[in-house]
Amino acid sequence: MSTTDTAFDLVIGIEVHCQLKTNSKLFCPSENAFGAKANTNVSPVNLALPGALPVLNKEAVRMAVMAGLALHCDIREESVFARKNYFYPDLPKGYQISQFDKPYCEHGHLDIQVDGNTKRIGITRIHMEEDAGKLVHQGADSIAGSTHSIVDLNRAGTPLIEIVSEPDIRSAAEARAYVESLKLIVQHIGICDGNMEEGSLRADINISLKPAGSTTFGTRTEVKNVNSFRSIEKAIQVEAKRQKDILLSGGTIIQETRNFDEASQSTTSLRGKEDAHDYRYFPEPDLPPLLLSDAYIANCKAQLPALPEEKIQQYKKDYAFSEHECKVLMGDVAMDAYFRASVSCAKKASPKTIVKWLIGDFNAMLKEQQHTFETIGVTVQRFSDLCDEIESGSISGKIAKSVIEQLFSGDKSVSDIIQSLGGGQISDQSELQRIVEAVLKNNLDVVEKIKAGKTASANFLMGQVMKESKGRAKPDLVRSMILDSVDKI
Amino acid sequence: MPGMSFTNDDLDKCIRLAHIFIKEEKKPQYLEQMQAILEEVKTLESLDLDTVKPSYTAIEQAHYQRDDVAKNANFDLSKNAPDWEDGGFSVPQILKS
Amino acid sequence: MTTESALDLAKALKNRDKKAVDVVAACFDGIDRSDNSIQAYVSLMKEQALEQAAQVDKRLDNGDTTSALAGVPIGLKDNLCLAGTRTTCSSKMLEHFVSPYTGTAVQKVLDADLIPVGKLNMDEFAMGSSTETSYMAKTKNPWNLNTVPGGSSGGSAATVAAGQVPLSLGSDTGGSIRQPAAFCGVVGVKPTYGRVSRYGLVAFASSLDQIGPFANTVEDAAALLSIICGHDPHDATSLQQAVPNFSKALTGDVKGLKIAVPKELFGDEISADIKSVTQQALDTYKSLGASYELVSMESFKAALASYYIIAPAEASANLARFDGVRYTHRAEGGDTLHDMMIKTRGEAFGEEVKRRIIMGTFVLSSGYYDAYYLKAQKARTVIKEDFQRVFNDYDVILSPTTPSTAFEFGSKSNPMDMYLNDIATIPANMAGLPAMSIPCGFSSDMPVGLQLVTPILDESTMLNAAYAFQQATEFHLKKADF
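Chains as they are written, first to last, in our numbering: chain C, 1 to 489; chain V, 1001 to 1097; chain F, 2001 to 2482.
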């Protein structure tokens, strides 16, 4: 659905900030964790105490390089950190350590799917920088009308990568697809939680309009505070409309930063004077340039996990998974990892069998236990063993469900659990024959009915055999045995 | 090099950007002093710098990176804080009411 | 007044001829008596010092310490963070700031069982060459109480010159150790950039700052230097190269040493008296078997200019953290955050600091970066290469440390006049080279300092050359009488 009328083209570029899930901050050892008591994840460095100095976190570098590789970027051999100078209480040093004219990677791309078509969105650059702290405004719901604010520096210094797209996006739907794809990628390569509600993934949208078909771009505004996929689409709609209204009435767009207000579904101007934009960037004297050797990058490349699009391809082509199955796996990184590990571990079970049980009864049980695939206690080995038994037909679906229950409640191996449930499916025909004959002997009246042509009565006998065999008999085999035996009597 | 002298507008812009305050009556003195310093700075012109690469540090060093091990400092931050409230640093309202 | 060298004192302590608690107590008595006149100290740490001295005595009794300077009292410049002490940088902005952590160099000093006795006065945030911009005290030069001790480490130099303590630590960004050392007639050393960790040193100009020792003798300075040098994982600019034992380098043999004297530091900018004293020093070196020649170092002409762009630029960013929010002075009456910040920074920074912040902001601002900051960084390259060229043929660069001896208070109210104090010292900071000042004579009864500069990482040659001069002369033995 177009958000502008045919007189204008919508031009969108998106800057996505991803918090890297390292143990410690980008430049200091204070803990990188959400939800701690205010001002406890701190050290002299992220408190900006006098005399404190930044030292780069090597894991953050590795994660950042992974992102660059996943997005097909050129990784720069020598990149430079820079100070971005401005005053704000959530920025304790009065400058942010970021990267300016020499970011660690550039010239990448991300292919998105919209309405069945593939579109390539260019990625201008990715750079590393530190996050700011948080301001909690007091006396009002937001900054406007508050009496004062309280600064919490827990988040200050959290490693971020800022992924800047080319202005290749042309609709709200494309914008949403882009951010969704990015989210999946950073989640699946294990560098970011991708949680927009918690702020580990944030998007700023740059929007401008140009006359339809023109090659000259219009003036753009930057919209911040877009906290969900829905907001992305809404913010684009309202801002595009606002700009369109101005242009159609003969006005000009002011280049500025605007805040998306969820409540009023509108954007309001955030910044003021021009020289607020003068960040006076200069190379960070406390940090030598970051050197990334070919060997290091090759090493990272070798360790890069499979990307979502590669996995989806594999699941659809090689495993014949449905759209739904793919969606469920992609939507939960830990589940997908568990799935893939199970595929490697299983000796007989097909991926199709594994996924069916994984996203079905197994996941249901996991949820009942109030766990996730991150906190799951059942090893991949035990789950795979169960899948192997299911695949080989040695247990029925009913038994499999009981096994699942027991997998979560104890440590027993799958074969022990099956034994304790009375053994697997009866494969020995003579044993089954014995049970069938016993049941028939005790139900001669029903046998007569069957002989008289009421084959439906065989169901009753089937139920009895299943009961006797404690559910271990294969239903169709039991049925044919009963009918054969009846003939013989 | 912009050979123009440092103006009052330049002074005011720097004061704004640097978030400091200078009394009006002192501004002329600052202006004069800045101009004198910038005059001296013109000696840079005596060097031929066209093909020279900048040195941002005195000595090129091997890069040093830390292991990703978390360790929080255990400071009583309230001791030095000008205004400590609810475990955080209280600051006056950001937007004028 | 302590006339012993630090190493001799340490020997006496090690032999248990003296007890640390007695030495420290005597030290505080001396400071009590003399600091009314000298005002070297911003704060004193008598209780902690005596407690620590008691601990050190135990360790000395048990033979638990291998430090060459165990038990020696030391003063620390007030821009060095020591947990539990006020670290004011002689500024109203940090007047009540008590550091919760200890910087690396200071920690090494503590680990070597030296005993800090107090925090020393300085120019506010290390910006100055006379210690006159201090908000806390007015430090006097022990040789003439009407004159300045130099700056910015004025307190660090004066306390050693006055015999209050045998050792102190200062910091040097454009000459702030060497120039006060020259004015006060003591030894002051700036190591190679990166030799000593800057973690815990309140930053002025990040690419230039270094911590260094003040002492009465070269041997003392070398011993203290050895203690504070070394790679620090808390400072990404600290050098990973191994640190030689500087004390072992002091052979006193300078036969064949090739000395270069820059013409640019031997001309009209330097007073006639100082030139003549320097000439005598050169003659002394010659008599010891060294040789000297005048050389041309054209890049020096632009050194002052590039320094007064780079240092303020970095400082303007380094001082942005002083905003009234977390641990500094906070102004009253600011209605909004913005008002509060501006008022705070307006009233808690002195004039020189504001001047440099404005300068730094200007040279980094949009439209001016290339013309000033970038150019200055290119000039730095030229200065580095100029030194490299000279060091191809010479071992040491020698010059007067300062253009004049200590001047009277208030006599250099024009900032440019003050900045010209640093023409001899700045180039070594720009190139990151080790540099030091040693007493080499007197002019009108005021000390004159001789500056030595050697290649990167070659403190050994520099210290040895200084040592040889010291052994051949007696200037270091003359003490201030105040």
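These aren't lab readings, by the way, just hints derived from the structure by calculation. Cβ atoms here follow ideal geometry from the backbone N, Cα and C, with glycine treated the same way. Incorrect hints may have been included.
Quick list of the computed label-pair ranges, beta carbon to beta carbon [unchecked claim]:
hint : chain 1 : residue 1 : chain 2 : residue 2 : range
1    : F       : Tyr2369   : C       : Arg242    : 30 to 40 Å
2    : V       : Thr1043   : C       : Asp141    : 53 to 63 Å
3    : C       : Glu78     : F       : Asp2061   : 34 to 44 Å
Tell me if the beta carbons of V:Thr1043 and C:Asp141 are separated by a distance inside 53 to 63 Å. holds, 57 Å
Does the Cβ-Cβ separation between F:Tyr2369 and C:Arg242 fall within 30 to 40 Å? With Cβ atoms ~35 Å apart, the hint holds.
Distance restraint hint 34 to 44 Å, applied to the beta-carbon atoms of C:Glu78 and F:Asp2061: This hint is violated: roughly 54 Å between Cβ atoms.
Hint 3 alone, counting from the list given before, is not met by this structure.
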